[in-house]
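Peer 1: So the chains spell out like this:
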Amino acid sequence: MTQVATLQDPFEEVAPPRGRSGGAAWAVWLSRRIGLAVLSLWLVSVLVFLATVALGDPVRAILGRDYNSNPGRVAQLEAQLNADQGIVSRYFSWLGGLLTGDPGTSLANQQPVWGQISANVVNTLVLVFLSAIVMIPLAFGIAMISAHYRRRRPDTVIQTVLLALAGVPEFVIGILLVATFSTTVFHIFPAVTIATPTGHPWDTPKGMVLPVLTLVIAVTPYVSRIVRATLLEVLDSDYVELARLKGIPEPVVMRKHALLNAIVPAIQVIGLQLAWLAGGVVLVETLFAYPGVGRQLVDSVRNHDVPMVQALAMIIAAFYIVVNLVADILSILMTPRARTAISG
Amino acid sequence: MSATSTSSSAAPSFFRRALKQKRFMFGLTVTVLVMLFAIFAPFFAPYGENEISGPPYSKVGVLGTDYLGQDVLSRVMYGGLGILVISVLATVLGMVVGVAVGVIAAYSGGWLDEVIMRLNDVLLAFPQILLALVVLTALQDPAPWAIIILVGASHAPRVARVARGVALGIVSRDFVVAAEALGERRSRIILAEVLPNMTGPLLAEAGLRLTYSIGLVAALGFLGFASDPGAANWGQMLNENRLGLATQPWSVLAPVIMIGIFTIGTNLMADGLAQVTQRGDN
Numbered sequence: 001m002t003q004v005a006t007l008q009d010p011f012e013e014v015a016p017p018r019g020r021s022g023g024a025a026w027a028v029w030l031s032r033r034i035g036l037a038v039l040s041l042w043l044v045s046v047l048v049f050l051a052t053v054a055l056g057d058p059v060r061a062i063l064g065r066d067y068n069s070n071p072g073r074v075a076q077l078e079a080q081l082n083a084d085q086g087i088v089s090r091y092f093s094w095l096g097g098l099l100t101g102d103p104g105t106s107l108a109n110q111q112p113v114w115g116q117i118s119a120n121v122v123n124t125l126v127l128v129f130l131s132a133i134v135m136i137p138l139a140f141g142i143a144m145i146s147a148h149y150r151r152r153r154p155d156t157v158i159q160t161v162l163l164a165l166a167g168v169p170e171f172v173i174g175i176l177l178v179a180t181f182s183t184t185v186f187h188i189f190p191a192v193t194i195a196t197p198t199g200h201p202w203d204t205p206k207g208m209v210l211p212v213l214t215l216v217i218a219v220t221p222y223v224s225r226i227v228r229a230t231l232l233e234v235l236d237s238d239y240v241e242l243a244r245l246k247g248i249p250e251p252v253v254m255r256k257h258a259l260l261n262a263i264v265p266a267i268q269v270i271g272l273q274l275a276w277l278a279g280g281v282v283l284v285e286t287l288f289a290y291p292g293v294g295r296q297l298v299d300s301v302r303n304h305d306v307p308m309v310q311a312l313a314m315i316i317a318a319f320y321i322v323v324n325l326v327a328d329i330l331s332i333l334m335t336p337r338a339r340t341a342i343s344g
Numbered sequence: 345m346s347a348t349s350t351s352s353s354a355a356p357s358f359f360r361r362a363l364k365q366k367r368f369m370f371g372l373t374v375t376v377l378v379m380l381f382a383i384f385a386p387f388f389a390p391y392g393e394n395e396i397s398g399p400p401y402s403k404v405g406v407l408g409t410d411y412l413g414q415d416v417l418s419r420v421m422y423g424g425l426g427i428l429v430i431s432v433l434a435t436v437l438g439m440v441v442g443v444a445v446g447v448i449a450a451y452s453g454g455w456l457d458e459v460i461m462r463l464n465d466v467l468l469a470f471p472q473i474l475l476a477l478v479v480l481t482a483l484q485d486p487a488p489w490a491i492i493i494l495v496g497a498s499h500a501p502r503v504a505r506v507a508r509g510v511a512l513g514i515v516s517r518d519f520v521v522a523a524e525a526l527g528e529r530r531s532r533i534i535l536a537e538v539l540p541n542m543t544g545p546l547l548a549e550a551g552l553r554l555t556y557s558i559g560l561v562a563a564l565g566f567l568g569f570a571s572d573p574g575a576a577n578w579g580q581m582l583n584e585n586r587l588g589l590a591t592q593p594w595s596v597l598a599p600v601i602m603i604g605i606f607t608i609g610t611n612l613m614a615d616g617l618a619q620v621t622q623r624g625d626n
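Just so you know, the protein sequences line up as chains H and B, in that order.
Here the first sequence is numbered in my numbering, starting from 1 and rising by one per residue.
Here the second sequence is numbered in my numbering, starting from 345 and rising by one per residue.
Next comes chain H alone, as it looks inside the complex (with noise of 0.2 Å):
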């Protein structure tokens, strides 16, 4: 399965140390897998700056045709970013203020960064979970109707379908039920949120709807099959084999034994899918013109703002390994085997 391959062993991370007691074998590999959370965020900001700033000139993006004909402007933009320091200290004094919960001042309209962005980030990660909430039983009931009818039509069906939407990019889902559900087939939801000024987005329910079943449509497909392919592994296996013998009844043995062994594969696959949504965002965000991170990226690149595309690219960053990192912790909790071999 391809999906698979994409897929993390959280155990490869750290070997387990041994001959200390329980408390301090955790406490160290949990600090190594922190400090390598760490290290990559300080590597992704690295990268970040220098994607943004020393790739292109942003300035003569920034203006376009006028970059000749009007020095004034360009001098100015210049001093804002501080263009005439060297990129290293530049670097620094930016890395200062992104601790400091000043990342600076935008471009657009001279507003300071943080206080644009932090209601977004609020709207986007209440976007995130709503898609969680349904996507996470959504996917394992997919996975148990399929696994329950395996290798036999109804199963083949459903894997068909779950992989024909798997590859299908996230915005044309979007569009197909925006053209479905509000403006050709019928009118039922509103094709974009509406956001007033102080208000959230979901104080108008009805244009949560679409949003939130796009990234779903998007991201269960992933979870599904990697759900199903775990329960057909137990299924087959010969313990089960021998509780079925035993008289099990079928209900029971998928819900003791084939769930259970299902739910660490899937913690690593939601972690990784919702991950993913918070590049998924992006597009569906600015689809639906929904208030969030992903549509002031867009914006912001658009307008060449490069303090606000370097902080929203921190954040989405920052959110990216934060959720590996719960999913890695979670899944060795999770798993018998890792915790004796951390703490043995």
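By construction, these hints were calculated from the structure, which means they are not laboratory data.
Check each hint, because a few of them may be wrong.
Over the 10 Å line for every Cβ pair with chain H, so calculated as not near, a few chain B residues [said to hold, decoys possible]:
#1 Asp465
#2 Val538
#3 Thr543
#4 Gly568
Calculated Cβ distances over 12 Å to all of chain H for the following chain B residues [stated by the list, open to error]:
#5 Lys364
#6 Phe370
#7 Leu377
#8 Glu395
#9 Ser402
#10 Leu437
#11 Ile448
#12 Val478
#13 Asp518
#14 Val521
#15 Gly551
#16 Ala563
Quick list of the computed label-pair ranges, beta carbon to beta carbon [as the list claims (entries may be wrong)]:
#17 B:Phe384 / H:Leu30: 45 to 53 Å
#18 B:Phe388 / H:Gly101: 58 to 66 Å
#19 H:Leu30 / B:Ile383: 49 to 57 Å
#20 B:Arg530 / H:Gly35: 31 to 39 Å
#21 B:Thr591 / H:Gly35: 51 to 59 Å
Built from N, CA and C at the ideal position, the CB exists for glycine as well.
Given the structure of chain H, go ahead and fit chain B onto it with the hints provided.
Peer 2: Chain B only, in chain H's frame:
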């Protein structure tokens, strides 16, 4: 995906088995049909790429007209080639770089492997679209090659991970050790012994990468970052005609359906290949 692979002598039977697989054949057929459409349809288009055939968002012509009054059918017929070429080149670039990095890491092992894969993990912390957008911030009107490099570069770390996993299962096998004992050069061992044995999994990965390339390239067009604003391009058509979705749905639906069919085809093809590869292991 498991680490081992078909041996080189079994390579022809790998393709024969793939051809017998229903899912792969269906995906391949759809993919080839869309590619043929993208390449040859421009010759049969009823109107020119930028020719005005009627008022904006009208019902003139088979699929109506778009925001400027250009014929939607003709735009769809012209709009596939750009996406196809950019996606394929980006996929090739991502595969070449990723496989090179992954195989070198697996083959050298030790601290080099550790460093390469750690840096690789950092790149994996960027959702693919984010990497492209961050770089586009500082660029004015991206050239086609810029989009190819961006999409290819965002694939490379993901390919490297897979390629390393596959290569790890091969570099310790007897025929590689034998070649080393014979004193073969390292570059020759990688090219003649390791790579040919990775064909199956790598083809499956390439199919998957092509799927994502199409999605990414179309997404950049949809977000309004296409390289040539006037040209017909399925992704960009979505951006241009978004406001017309209610009045002239075909101006958006036609390109969206083409992108959808294309990605479904490539994804089924990739998964079929992956399944054949896995069975080859057992």
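Peer 1: With d taken as the least Cβ-Cβ distance between B:Gly551 and chain H, does d exceed 12 Å?
Peer 2: 8 Å, violated
Peer 1: In terms of Cβ atoms, is chain H entirely out of 12 Å range of B:Val478?
Peer 2: Per Cβ check, B:Val478 is inside 12 Å of chain H; nearest 5 Å; violated.
Peer 1: Run the C-beta distances from B:Thr543 to all of chain H and say if the shortest one exceeds 10 Å.
Peer 2: 15 Å, holds
Peer 1: Taking C-beta pairs only, is B:Ser402 more than 12 Å away from all of chain H?
Peer 2: At roughly 17 Å from the nearest Cβ of chain H, B:Ser402 sits farther out than 12 Å, so the non-interface label holds.
Peer 1: Examine each Cβ of chain H, and state whether all of them lie more than 10 Å from the Cβ of B:Val538.
Peer 2: Holds: least Cβ distance 18 Å, greater than 10 Å.
Peer 1: Would you check whether the claim that B:Val521 is not at the interface survives, using Cβ distances to chain H and the 12 Å cut-off?
Peer 2: Given that every Cβ of chain H is farther than 12 Å from that of B:Val521, nearest at about 24 Å, it holds.
Peer 1: Is the gap between the beta carbons of B:Phe384 and H:Leu30 within 45 to 53 Å?
Peer 2: This hint is violated: roughly 59 Å between Cβ atoms.
Peer 1: Holds or violated: 49 to 57 Å for the Cβ distance of H:Leu30 and B:Ile383?
Peer 2: 55 Å, holds
Peer 1: Check the following: the C-beta atoms of B:Thr591 and H:Gly35 are separated by a distance inside 51 to 59 Å.
Peer 2: At roughly 56 Å between Cβ atoms, H:Gly35 and B:Thr591 fall inside 51 to 59 Å, so the hint holds.
Peer 1: Run the C-beta distances from B:Ala563 to all of chain H and say if the shortest one exceeds 12 Å.
Peer 2: Non-interface label fails for B:Ala563: nearest chain H Cβ at 6 Å, not farther than 12 Å.
Peer 1: Could you let me know if the closest chain H CB is still more than 12 Å away from the CB of B:Leu377?
Peer 2: 16 Å, holds
Peer 1: Find the nearest Cβ of chain H to the Cβ of B:Leu437 and say whether that gap is larger than 12 Å.
Peer 2: Correct as stated: the minimum Cβ-Cβ distance to chain H is 17 Å, above 12 Å.
Of the hints listed earlier, those the structure fails to meet are numbers 1, 4, 6, 12, 15, 16 and 17, in rising order.
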